[in-house]
Amino acid sequence: MAGVVRRIFANLPRINTCNYVKTPLLSILPSVTSKFYSNVPTPYEIVDAQEDRKTYQGVIDNVNRQVAEKKQGRLFAVVHVAGKQVKITEGDVFIVEGYWPPDAGDKISLDKVLLVGASDFTLIGRPLVQRGLVRVEATVIEKNVSHTKTHFRKKRRKQYMRINFYRTPRTMVRVNRIEIVGEVNHPPAVTGLETRIF
Amino acid sequence: MSNSHLFLKSGFIRTPSQNGVGRYVCQLQRVVLKFCKNNGSSRGMRDFIESGLVDFAKNNPGIVVYLKPRRHRTAVISAEYLNGDKQYINCRNFAKEEIIKWLNLLKTQSGNTTGFRYRKLLHTDHPSIQGPWTPYTFKDPAENLAKFPDQDLSRPKHLPKTATEELLELFQRSSLGSPEGKRAE
Amino acid sequence: MVFTTAVNFVRSRGPDEFWRKRKVFKLAAAYIGRSRNCYSIAIRSVHRALVYATKGRKLKKEDFSNLWDTRITAGCEQHDINYHVFKESLARNNILLNRNTLATLACWEPFTFKALTDIAHKRASEDGITPPKENKVLYIPKRGSQSKN
Numbered sequence: 001m002a003g004v005v006r007r008i009f010a011n012l013p014r015i016n017t018c019n020y021v022k023t024p025l026l027s028i029l030p031s032v033t034s035k036f037y038s039n040v041p042t043p044y045e046i047v048d049a050q051e052d053r054k055t056y057q058g059v060i061d062n063v064n065r066q067v068a069e070k071k072q073g074r075l076f077a078v079v080h081v082a083g084k085q086v087k088i089t090e091g092d093v094f095i096v097e098g099y100w101p102p103d104a105g106d107k108i109s110l111d112k113v114l115l116v117g118a119s120d121f122t123l124i125g126r127p128l129v130q131r132g133l134v135r136v137e138a139t140v141i142e143k144n145v146s147h148t149k150t151h152f153r154k155k156r157r158k159q160y161m162r163i164n165f166y167r168t169p170r171t172m173v174r175v176n177r178i179e180i181v182g183e184v185n186h187p188p189a190v191t192g193l194e195t196r197i198f
Numbered sequence: 001m002s003n004s005h006l007f008l009k010s011g012f013i014r015t016p017s018q019n020g021v022g023r024y025v026c027q028l029q030r031v032v033l034k035f036c037k038n039n040g041s042s043r044g045m046r047d048f049i050e051s052g053l054v055d056f057a058k059n060n061p062g063i064v065v066y067l068k069p070r071r072h073r074t075a076v077i078s079a080e081y082l083n084g085d086k087q088y089i090n091c092r093n094f095a096k097e098e099i100i101k102w103l104n105l106l107k108t109q110s111g112n113t114t115g116f117r118y119r120k121l122l123h124t125d126h127p128s129i130q131g132p133w134t135p136y137t138f139k140d141p142a143e144n145l146a147k148f149p150d151q152d153l154s155r156p157k158h159l160p161k162t163a164t165e166e167l168l169e170l171f172q173r174s175s176l177g178s179p180e181g182k183r184a185e
Numbered sequence: 001m002v003f004t005t006a007v008n009f010v011r012s013r014g015p016d017e018f019w020r021k022r023k024v025f026k027l028a029a030a031y032i033g034r035s036r037n038c039y040s041i042a043i044r045s046v047h048r049a050l051v052y053a054t055k056g057r058k059l060k061k062e063d064f065s066n067l068w069d070t071r072i073t074a075g076c077e078q079h080d081i082n083y084h085v086f087k088e089s090l091a092r093n094n095i096l097l098n099r100n101t102l103a104t105l106a107c108w109e110p111f112t113f114k115a116l117t118d119i120a121h122k123r124a125s126e127d128g129i130t131p132p133k134e135n136k137v138l139y140i141p142k143r144g145s146q147s148k149n
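Chains as they are written, first to last, in the UniProt record's numbering: chain A, 1 to 198; chain B, 1 to 185; chain C, 1 to 149.
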């Protein structure tokens, strides 16, 4: 029996079937660990590395096959735009509030993809899905300002009254395409060079 | 009946003729710049017409620009859109930069949206790809065949311990309850 | 000046009382009773309404954030995980979806949400984060080598 007995407490980076991007596990918050401090015996787990790999490789192969045969159906994605996260699918229109430089008619690609899903599988980024794996294309179709909002403050019996009016800029974006290009769990040997200028 | 719709209309995102699906179509069709040739309140408008108007017209071949001088009247921009909307902007005492800003805004709008509140900032024809959650989504299908009243299914999911149970546990843990305690006696 | 009606001509001469009041009456047009027509009552209710509108914009955000929490908690409960443990485990896994997105996923993409709770479960059991009340070993998880034992 090729079992390895390992304490589950060990902070080893591991790959779940959904998480294919290996990132160092940074966020271990001491405050919360002490909050949920427990003195129960740590459970042990019997891990068979080979069997384990076989299981998740099977899942990834299934996903890759679906993508290659274009049987995954409609995709949705969670993208990070201008400080907010939006869940979008093809043909959606969403509004970005506040100042945002793209002009009407611009074709943009939304690169900060946190999650991509289909009816049968989900790719979860840690925190972002591998760059270049998913392509989300969008068109800016309108830039306008919101209706006039009245900011009115008043204190009773204190002779205090202030009134202000404001309108926030808004940008309407149409999502043209969401697609998976390339293979899941097959990152290039060298990453991070796309954004560098030599 | 409420009359709130009379003051600030509200609704959902509408895009004229699926704009942006194939290509982007500028929705502004016609702009009329009205101004006075003498009055100081039209000065910024006159500056813009002298220096920036030709560039604007050249950069936007799809927009028809008219000039309409009127004596002793305030400068105004009137814009007409593909969907038939018409919007006036009072440009009294506007500087040249302000006029450029408003013209650009009119150019990128798809209609007269002043006085229209969006209830949601997202429009989607497919809100759910996997099917929305229902109370039966993660239920065990075996429960379909259960006969009620059923003791196991009728029990609350998280039942706190009763006082009796806690006392019993305390007793078990104490020296009296445990077998070692008894042996010690 | 040119006036289409004689009434407006008369009104434009005097002090701006009529026009000043008209701004308020326009906002009070849909009110009930005398607050629609009596200025001294109308101005009070209009001021109150504007203050409510200003405060309401902030309240709306709070309400929505509470709604997201409720939805995520309900989703977590179904998959047997505590809300705080769920959030903490996701943070430790570097999955930075915000509460708005998580609530949307719980409603509209339930299977994706289940996948997230599975990941959180795994992480929580590995790191030993469980809320104090549920501090018990329910089972010893096994992976891979189940058939051999």
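By construction, these hints were calculated from the structure, which means they are not laboratory data.
Treat each hint with caution, since some may be false.
Computed list of lysine-lysine pairs in BS3-like fashion (alpha-carbon distance at most 27 Å, straight line) [what the hints assert, rightly or not]: (1) K26(C) with K139(B); (2) K23(C) with K149(A); (3) K122(C) with K86(B); (4) K155(A) with K114(C); (5) K54(A) with K23(C); (6) K58(B) with K107(A); (7) K9(B) with K101(B); (8) K158(A) with K114(C).
Status of the hints after comparison with the structure:
{"no.": "1", "hint": "K26(C) with K139(B)", "verdict": "violated, 55 Å"}
{"no.": "2", "hint": "K23(C) with K149(A)", "verdict": "holds, 16 Å"}
{"no.": "3", "hint": "K122(C) with K86(B)", "verdict": "violated, 59 Å"}
{"no.": "4", "hint": "K155(A) with K114(C)", "verdict": "violated, 49 Å"}
{"no.": "5", "hint": "K54(A) with K23(C)", "verdict": "violated, 74 Å"}
{"no.": "6", "hint": "K58(B) with K107(A)", "verdict": "holds, 22 Å"}
{"no.": "7", "hint": "K9(B) with K101(B)", "verdict": "holds, 26 Å"}
{"no.": "8", "hint": "K158(A) with K114(C)", "verdict": "violated, 55 Å"}
When each numbered hint is compared with the structure, violations occur for hints 1, 3, 4, 5 and 8.
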